[in-house]
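Peer 1: Heads up: the sequence shown begins at 0 in numbering that gives the first Met the number 0, then just goes up one per residue.
Calculated from the structure, these hints are not laboratory results.
Among these hints, one or two may not hold up.
With a Cα cut of at most 30 Å, we get these calculated BS3-like pairs of lysine-lysine [as the list claims (entries may be wrong)]:
hint, residue 1, residue 2
1, 84, 377
2, 320, 400
3, 162, 110
4, 84, 110
5, 162, 151
6, 320, 332
7, 239, 151
8, 111, 84
9, 151, 131
10, 472, 400
11, 418, 472
12, 239, 400
13, 377, 400
14, 162, 111
15, 151, 111
16, 418, 400
17, 332, 472
18, 111, 320
19, 320, 418
20, 84, 131
21, 131, 110
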Amino acid sequence: MVRVVAGLIGLVSLAVAGVAGGLTPEVAIQFTGVSDIALSPDGTRAVYLLSVPRDPLDAPGDDYHEIWTLGIDPPQPPRRLTAPKGNPSSPEFSPDGQTISFVDQRDAHNKKKQVFLLPMNGGEARGLTTHKAGVGAYHWSPDGQWIAFIAKEPLSEEEQADKDDGRDWTIVGESDRGGRLWLTRVSDGETAPALDSPLVIRDFCWTPDSQGFVIRATEQPGVDQDMMYSRLYHATRAEKTPTLVCETAGKLGPFTASSDGAHLAYLGAADISDPLPQTLFVVDLPQGEPRSLSGEREASGVALQWLSESELAVLWHAGEKCVMERTDVASGKSQPLAEAEVAISRFAIAGDHVIVSGSTPTTPSALFVSTSEGSLVKATSHNDVLTADVDVARREVIEWKGADNWPIYGVLTYPLGYKTGETYPLVVYPHGGPEGVSLLDWSDRAQMLAARGFAVLQPNYRGSGGRGVRFSKGDHDDLGGREFDDILAGIDMLATRGMIDPQR
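Throw the hints in and build the complete structure from the sequences for me.
Peer 2: What follows is the structure, encoded as structure tokens:
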């Protein structure tokens, strides 16, 4: 019965996609999404991961994934590199740009994900790793000779025997097997531990000489350890013993070594009580004192990449918008890098080209490419046929006074066909966290509600990201207090404007 209903929904969705009007669930469930992105070293080609919803009659499960490529210089249309209904992830270019690597599970006798290599000049992908526990995060060495990856320590023969006999229970806090860093030679697949350390490896990057790593690690496994108590270490392939790079406190985000190996840039918490790794730091390698480049900026750092030995590209959540800037590490001064009304989720830079994945208030998930003028233009069209006849509701950033007269912002979606002077029912759609942030992006839910005549308010109450450390700490020792008052004040403001019906 479920399959019959699902099939009917699928048939209806095909019919509704071409009908004029607001966004419907039947259309929204067909949207694809662009996520993992990478640029070839010369910036001429891009690869990206496309999430594709399952067909209505497929077995239940997560979205499928496909790896696609497109030409940047010269421009060439996107083409799919992997078969439909698969689940590859994490595409990367080799340092010479001749190979694409990705993680996938393709062997019927090996249920764990492994690294595969796909030549760009044609041919089939070949498996590189065969790790018993499966591959997590991985990266090429800058010289292209090695791939390092994080994987759990395989079960011992005794542990495997216990599991096979049914003694496979999980003991919280004890059964979590910490990640280790492994090294595989690309030429022959030979694999060995990269470090001699009991540390639990959470993330890593190579040093530019291909002789070492910077790792984010904890002394113990566990979610709390990962979120709050990880630290940054430096290690060489020769010595294999990690040493602490610097003292940090609280959450740590992405990090990367400069092209000369002299500096490490990272996003981290300002202190142990900072709810986000939102401050930009630079520290000398292999050891030094971190220096903040954020100053009093009312924004939250999200991602970063070195542009040269002295400049960083940094993505910020600045209020309800995303800002990409070029930052000089000596002075901390910044200037715009790419301009567009795009809510950016990821970015990559190579040569003179910038690509980002994201959306706009009127465009669902897509890949955007920089122009010679520095603007970002949409380069993929996977969802265009679905949105061609969809009337899109207006979304904008609004401001009001919250508790204690704090300025509070949020994203308002107007009911489709909104007319000044008429009142409408309101849906308040808050983000989670509470340190999350609602951006001026595409929102399936807001658009579907607007199509049904609702106004939708997405408030960025105190405690949200995007406004700097002080604002994101604004709800501390007061959970559910003034942050809730901020939301109520936003509702009152819309009622005062005569836009909403206070009873609805």
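Peer 1: Compare the structure with the hints numbered earlier in the document and write down the numbers of the violated ones, lowest to highest.
Peer 2: 11, 12, 13, 18
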